[in-house]
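Student: Sequence:
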Amino acid sequence: MKPASPFRIARLTATALALSLLAACGDDPVDPPDEIPETKPLYAVVAQVSADNESQSYIVVTDTVDLTAPLSLENAIEIPGRALGSGIAKSGSLYVSSSEGANVTRYDLNSNGKLEQKTTVSFAGKGVATIGEYQNQFQFISSTKAYYFDGRTSQVIVWNPSDMTLTKAVPVEALSIEGATTTFATHPVRSGDLVLMPVGWRTGPTSVVKQAGVIVVDTKTDAVKLVTDTHCGYVRDGILAPDGKVYLATEAFATAVYRVVGGETPVPCLLKFDPATQSFDSTFYRELSSFTGGAATGSLLPGPSGTAYLRVLDESVYTVAPGTAPRVVASAQAWTWWQLRFDTLVATKVAGLPASTGSSFIFNVADNRALFTEFTNSSSQTNLRDLSSQNGTVAMSTQGLVFSFLQLR
19 MKPASPFRIA RLTATALALS LLAACGDDPV DPPDEIPETK PLYAVVAQVS ADNESQSYIV
79 VTDTVDLTAP LSLENAIEIP GRALGSGIAK SGSLYVSSSE GANVTRYDLN SNGKLEQKTT
139 VSFAGKGVAT IGEYQNQFQF ISSTKAYYFD GRTSQVIVWN PSDMTLTKAV PVEALSIEGA
199 TTTFATHPVR SGDLVLMPVG WRTGPTSVVK QAGVIVVDTK TDAVKLVTDT HCGYVRDGIL
259 APDGKVYLAT EAFATAVYRV VGGETPVPCL LKFDPATQSF DSTFYRELSS FTGGAATGSL
319 LPGPSGTAYL RVLDESVYTV APGTAPRVVA SAQAWTWWQL RFDTLVATKV AGLPASTGSS
379 FIFNVADNRA LFTEFTNSSS QTNLRDLSSQ NGTVAMSTQG LVFSFLQLR
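The sequence shown lines up with residues 19 to 427 when you count with the numbering used here.
Think of the hints as simulated: they come from the structure by calculation, not from any bench.
Source: prediction; values computed, not measured.
Fair warning: there could be bad hints in the mix.
[As the list claims (entries may be wrong)] Distance condition first, Cα-Cα at most 20 Å in a straight line; then the derived EDC-like pairs of lysine to aspartate or glutamate: (1) K367 <-> D404; (2) K367 <-> E333; (3) K108 <-> D81; (4) K243 <-> E282; (5) K108 <-> E56.
From just these sequences and the hints, can you work out the full model?
Tutor: Okay, structure coming up:
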């Protein structure tokens, strides 16, 4: 086992209590074996650990997502800052970037089931200084073509993951709004040859811009355009429905802003976008609270069999005190799960899923199983809970925040 760095020593001391509460029957975390049989699936988990205003990320390869003890970070690949791991599922490659720079490095699985560092490509020549936010800002079309959506420079960068070269950068006109931060969807949508990236804008910790947007990328021609709508704001979640239309919803953070601040804050809503015409449906608008009896409702996440999940704040278990920061409200373990049917546009509460933090990521694993993230212990720990079973059982826990997950094999 490699020696612990000073950063790790500080981090382990700060989180020892949290880990002790997670360990099952007093067992210590177990390091993975040196070799993993090739018949087993392999997953890459990227955890961001923060201490003393510094962040360090850890990439761990595991052959199971069902663990009774916390995932060990001791033999992990260490990346400074907030690392993102992306790629094509089951391809054996992981593309790693960091908030500390503009590089993307490819790691390939070796015969022992370990990740080996290979080549690196720099995005700095396209004006990129740092790569952050979410793994799905990288969209992989094939082994030789991928896109990176960069809000800071208002462009979509086309690159080749096979030979690790940049192809071109395509500007996104009108993407930047003065005084606002551009933020992208955690789950972009694919429709035929199109990549649809929902966009939201915020102007601070308590304000969002009343504008919805979708960046449309034609993967055949690399044509890029931004389509906007002014009915509501921070519409970062989208789902492709069985009718071929994309439904878009305000994300939980903006719902928390509306609940706390009110006033001129855009009302959380559901919109409809037609990929065929690449336009919003001007005749469709629904307030999200209308689906849930008036409760604070935000986010639209993929569900089974042509449905989606809404997140609904349960104020019987969490009291929104005056002046509470919206991010705190969005992070409260009080957001229930409601299932929305697109054929009837009726939502019902899912009784088996426990309330959890409002902002969640969904990761796919083998056998058509899905897990969702729950950030706990003041955002120092992540639980991966079972979504497919609709019982919310904790499958795996780890230190830090998990923003990236990929099945490698």
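Student: Sort out whether D81 lies within 20 Å of K108, counting only the CA atoms.
Tutor: Status holds; Cα separation ~13 Å.
Student: Do the alpha carbons of K367 and D404 lie within 20 Å of each other, as the hint requires?
Tutor: The hint holds at about 17 Å.
Student: Need the status of pair K243, E282: alpha-carbon distance at most 20 Å?
Tutor: Cα-Cα ~28 Å, so violated.
Student: Holds or violated: K108 with E56, Cα cutoff 20 Å?
Tutor: holds, 12 Å
Student: Quickly compare the C-alpha distance for K367 and E333 to 20 Å and report which way the hint goes.
Tutor: Distance ~15 Å between K367 and E333 Cα, so the pair holds.
Hint compliance for this structure: hint 4 is the single one not met.
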